[in-house]
Amino acid sequence: MTTLLAVTIGVLFGTGAFLVLRRNALKVIIGLSLISHGANLLLVTSGGFAGNRPPIIGPGGGVYVDPLPQALVLTAIVISFGVTAFLVVLLYRLYQRTGTVDMDQIRRLRG
Amino acid sequence: MILLLVILLSPFVAAALTPLVARVLGTRTGWWAAAVALGNTLALLSLLPDILHGTTLTYTLPWIPVLDANLTLMVDGLSLFFALLISFAGCLIMAYGRFYLDPREEHGKFFAYMLLFMGSMLGVVLTGNLIALFVFWELTSLSSFLLIGFWDHREASRYGATQALLVTGGGGMAMLIGFILLHQVTGSWDMQSVLSQGDIIRASPLYLPILGLVFLGCMTKSAQTPFHFWLPNAMEAPTPVSAYLHSATMVKAGLYLVARLHPALSGTEAWVYLVGGVGILTLCVGGFLALAQDDLKALLAYSTVSQLGLIMALYGLGTREGVVAGSFHLMNHAAFKAALFLCVGNVEHETGTRRLSQLGGLWRAMPWTGVFTLVSAAAMAGLPPFGGFVSKELFYAATLDVTGGAERVLLPVLAVAGSAFTFAYSLRLVYGVFFGEPGHPPKHPHEAPLGMLWSPFILAALNPFLGLWPAPADHFLLEPMASGILRQNVHVHLALWHGFGAPLLMSVIAIAAGLILYPAWLGIQRWQGDVFSRFSLEGTYKGSLQVLSRSGRDVSLWLQSGFLRQYLLWILSFLSLVVLSTFIWNRVSLIPVEARSVLSYEGILLILTVVTTIAVVFAPRPLPAVILLGGVGFLVGILFILLYAPDLALTQILIETVSLVLFLLVIYRLPPFIPEQASRGRLLRDGLLATVVGGAVSAVVLATAGQGYFPSIAEFFLRESVPGGGGRNVVNVILIDFRGYDTLGEVTVLAIALLGVFTLLSRKDTR
Numbered sequence: 306m307t308t309l310l311a312v313t314i315g316v317l318f319g320t321g322a323f324l325v326l327r328r329n330a331l332k333v334i335i336g337l338s339l340i341s342h343g344a345n346l347l348l349v350t351s352g353g354f355a356g357n358r359p360p361i362i363g364p365g366g367g368v369y370v371d372p373l374p375q376a377l378v379l380t381a382i383v384i385s386f387g388v389t390a391f392l393v394v395l396l397y398r399l400y401q402r403t404g405t406v407d408m409d410q411i412r413r414l415r416g
Numbered sequence: 089m090i091l092l093l094v095i096l097l098s099p100f101v102a103a104a105l106t107p108l109v110a111r112v113l114g115t116r117t118g119w120w121a122a123a124v125a126l127g128n129t130l131a132l133l134s135l136l137p138d139i140l141h142g143t144t145l146t147y148t149l150p151w152i153p154v155l156d157a158n159l160t161l162m163v164d165g166l167s168l169f170f171a172l173l174i175s176f177a178g179c180l181i182m183a184y185g186r187f188y189l190d191p192r193e194e195h196g197k198f199f200a201y202m203l204l205f206m207g208s209m210l211g212v213v214l215t216g217n218l219i220a221l222f223v224f225w226e227l228t229s230l231s232s233f234l235l236i237g238f239w240d241h242r243e244a245s246r247y248g249a250t251q252a253l254l255v256t257g258g259g260g261m262a263m264l265i266g267f268i269l270l271h272q273v274t275g276s277w278d279m280q281s282v283l284s285q286g287d288i289i290r291a292s293p294l295y296l297p298i299l300g301l302v303f304l305g306c307m308t309k310s311a312q313t314p315f316h317f318w319l320p321n322a323m324e325a326p327t328p329v330s331a332y333l334h335s336a337t338m339v340k341a342g343l344y345l346v347a348r349l350h351p352a353l354s355g356t357e358a359w360v361y362l363v364g365g366v367g368i369l370t371l372c373v374g375g376f377l378a379l380a381q382d383d384l385k386a387l388l389a390y391s392t393v394s395q396l397g398l399i400m401a402l403y404g405l406g407t408r409e410g411v412v413a414g415s416f417h418l419m420n421h422a423a424f425k426a427a428l429f430l431c432v433g434n435v436e437h438e439t440g441t442r443r444l445s446q447l448g449g450l451w452r453a454m455p456w457t458g459v460f461t462l463v464s465a466a467a468m469a470g471l472p473p474f475g476g477f478v479s480k481e482l483f484y485a486a487t488l489d490v491t492g493g494a495e496r497v498l499l500p501v502l503a504v505a506g507s508a509f510t511f512a513y514s515l516r517l518v519y520g521v522f523f524g525e526p527g528h529p530p531k532h533p534h535e536a537p538l539g540m541l542w543s544p545f546i547l548a549a550l551n552p553f554l555g556l557w558p559a560p561a562d563h564f565l566l567e568p569m570a571s572g573i574l575r576q577n578v579h580v581h582l583a584l585w586h587g588f589g590a591p592l593l594m595s596v597i598a599i600a601a602g603l604i605l606y607p608a609w610l611g612i613q614r615w616q617g618d619v620f621s622r623f624s625l626e627g628t629y630k631g632s633l634q635v636l637s638r639s640g641r642d643v644s645l646w647l648q649s650g651f652l653r654q655y656l657l658w659i660l661s662f663l664s665l666v667v668l669s670t671f672i673w674n675r676v677s678l679i680p681v682e683a684r685s686v687l688s689y690e691g692i693l694l695i696l697t698v699v700t701t702i703a704v705v706f707a708p709r710p711l712p713a714v715i716l717l718g719g720v721g722f723l724v725g726i727l728f729i730l731l732y733a734p735d736l737a738l739t740q741i742l743i744e745t746v747s748l749v750l751f752l753l754v755i756y757r758l759p760p761f762i763p764e765q766a767s768r769g770r771l772l773r774d775g776l777l778a779t780v781v782g783g784a785v786s787a788v789v790l791a792t793a794g795q796g797y798f799p800s801i802a803e804f805f806l807r808e809s810v811p812g813g814g815g816r817n818v819v820n821v822i823l824i825d826f827r828g829y830d831t832l833g834e835v836t837v838l839a840i841a842l843l844g845v846f847t848l849l850s851r852k853d854t855r
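Top line first, the protein sequences correspond to chains A and B. Number 404 in my numbering belongs to position 99 of the first sequence; there are no gaps in the numbering. Number 694 in my numbering belongs to position 606 of the second sequence; there are no gaps in the numbering.
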């Protein structure tokens, strides 16, 4: 399980890294989303696999998993949504104004 | 002694108040500054009885106790002498400055800087901690920058100020490294402790680097050859600044440190050759350069270089006689050189020029300034009955005491040569300005106002006093000072007349040689222009500044290209490098802790996630790319269920739906992907980097997941959730209760993003 998860998270990060290095701004945003998915999974796995039931207090046996990384990740998901939403709208306006989504061309448009 | 702290802080407080005071006092602000300095002088004098008893006063204000960096104040004879010099000279010069400055100039600014400098300088000599010493040392460089550049509308002022800052600041950096090495050897930043470990320091293999680096700081500050070039350029400062910083105090900071560290560093051949050698060389070079200057302040600047070299040479001898003679000459120099600067200030103020070629025959017009100049210059030249004569005799005697090979002959010869130059330029100064053919200055000369005569009078009057009746200075200042340097009780008996002997003969030879040299100044002037400018380090200074600024620009254009891609490339490469090198360096095991085996549906889910993620890269158009991204998001949501995180799964799926809708709304208005324009090489590089990044992150997961390197605080939350937070869903309780402020922050971020989105969308397009 750990090995497979490690590979999945690695692929999310690697793919994201490749995409943020592209010239198309939409690909950069998609890359950032992939990286944040990877980061969220990474955080949850750092809590370990010691437990076998969700951290909701109730009757019955079993070990609860660590609730703290989950709380952190919940915040992270919401914040990365805020960032993505802002970036998407920014990209939209940028394209309306400049007629391009190419990062290199946008860079040359300053002034 | 809390009084020590008051003495140190009062100039800083006064400097902060000066702009307010200047609103009330206007052009009389100088009195305020002088009063502060006078108060400090009196407070310091009250410490004298304790010092005469041989006590060392201390006061410690903890700053960063863990790092042993404290504001330790330590006053012994050496510190007290310097502190008195700084305060007393400051008082006289600031009173003078009140008349020197034009009423239209910003008195508040000027005296605030002066007080700031005075405080910094007091800090240098009063502190007993190496770190604090360094801080105050750099503060003097900074405040001298402000003072030299006071007339900031002049190009030359700005150049001189920057140069002084860079040269002395650069030396300060070297000194800091020296201090750090010193700490490595002694294990202490405390001055007293360092000074008591002289034998350990001298035996250490780091001794030579320490000596070299610390002395580099002293050399730059005290304008020793080959770093003497900044001092004449600093003469662009207003004359009171030159008198204060560049004769009486700041340039003596290097001498102070050499004297202070005497017990820790002296007593080796390296010390004698380095400190003594540089000093005697500076004595001759400075004297030689001074003789041929046309600008009076440049003449005084080179003369200061030369005299500082003399004192440095005396400290460099490492003998008791050397220390006594050096300290006494330091006193004399402060008196005669500050007086000379103020006299030159009077001449400049009243004639409108300080060019020797435009001056002459001022004796009748400016008799008082003339007398003060004559007395001070005679003291500088080493004529009886002034203090300068006594210290010059001591200097000769000390050079004759040296044992050894070549230096036994060389040192006295160079001493006489340097003194001959001193005599010649002193003669040129007095004769050229006050006697001979009347010059043609821009203004019709007359005597300076009374306010500008008091300070040079007091300073000049000290010279015959120090020569004819040296006992008070001897007992109250020189003995405690020499005892402080050597850290043992020293008894000195100074007298004007030492009888007929070798030193007197050397004096006579020096004066005779000076008389011969004097008429040759014109020839020397021509020769200096060609030869000496070529050997000056100033060319190196300018060249290295150019190289620095050009390469700085190149490097930052290369690093800060303005392309996001470039920055990400750096960040990602560095991240991978740090992670992987740490893993390899520490041989971290990557064999994971397998909590349980993979169930078949879990495996399928994970493989599906991997495939979908990779497919995003190859999506031909924006629409499939966004849909695949949504797919990854939903798969991650399901993975959260497998990881026993139902809340995360819910949130993820909800958020992913909203994101997807948003993407889809925008996507129809965006252009299609154009075929990849990047070269094959760049694609390969990015692909490689992506693989490395992915590998590094996988390694992190393998190494950390489930390892339990440190105990989790989960226990607390699970235990306290119901009784403390009143909820069974622990994740929810953490979010809204235990870490409620985090959630508040999160909401704020969302609100800001919302505002951003709203602003972007509501603006009418202007294109």
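Rather than coming from a laboratory, the hints here were simulated on the basis of the structure. There could be a bad hint or two in this list.
[Said to hold, decoys possible] Beyond 10 Å from chain A on every Cβ pair, some chain B residues (computed):
(1) Thr143
(2) Val504
(3) Phe651
(4) Asn674
(5) Gly782
[Stated by the list, open to error] Covered stretches of chain B (in silico footprint by chain A; criterion: 3 or more residues with CB under 8 Å from a CB of chain A, positions within the stretch not fixed):
(6) 106-112
(7) 162-174
(8) 652-665
(9) 804-811
[As the list claims (entries may be wrong)] Distance ranges between label pairs, derived from CB positions:
(10) B:Ser281 with A:Ala355: 36 to 42 Å
(11) B:Val666 with A:Arg413: 31 to 37 Å
(12) A:Gln401 with B:Phe706: 24 to 30 Å
(13) B:Ile729 with A:Arg412: 38 to 44 Å
(14) B:Pro712 with A:Arg412: 24 to 30 Å
(15) A:Arg413 with B:Val676: 55 to 61 Å
(16) B:Leu645 with A:Ala355: 20 to 26 Å
(17) A:Ala355 with B:Val676: 16 to 22 Å
(18) B:Asp240 with A:Gln401: 44 to 50 Å
(19) B:Trp658 with A:Ala355: 33 to 39 Å
(20) A:Arg412 with B:Arg242: 52 to 58 Å
Keep in mind that this is a model prediction, so the values were computed, not measured. All residues carry an ideal CB built from backbone N, CA and C; glycine is no exception.
Taking the hints in turn, this is what the structure says about them:
no.	hint	in the structure
1	Thr143	holds (59 Å)
2	Val504	holds (69 Å)
3	Phe651	violated (6 Å)
4	Asn674	holds (18 Å)
5	Gly782	violated (3 Å)
6	106-112	violated (count 0)
7	162-174	violated (count 0)
8	652-665	holds (count 5)
9	804-811	holds (count 4)
10	B:Ser281 with A:Ala355: 36 to 42 Å	violated (52 Å)
11	B:Val666 with A:Arg413: 31 to 37 Å	holds (33 Å)
12	A:Gln401 with B:Phe706: 24 to 30 Å	holds (28 Å)
13	B:Ile729 with A:Arg412: 38 to 44 Å	holds (42 Å)
14	B:Pro712 with A:Arg412: 24 to 30 Å	holds (27 Å)
15	A:Arg413 with B:Val676: 55 to 61 Å	violated (44 Å)
16	B:Leu645 with A:Ala355: 20 to 26 Å	violated (51 Å)
17	A:Ala355 with B:Val676: 16 to 22 Å	holds (21 Å)
18	B:Asp240 with A:Gln401: 44 to 50 Å	holds (48 Å)
19	B:Trp658 with A:Ala355: 33 to 39 Å	holds (38 Å)
20	A:Arg412 with B:Arg242: 52 to 58 Å	violated (41 Å)
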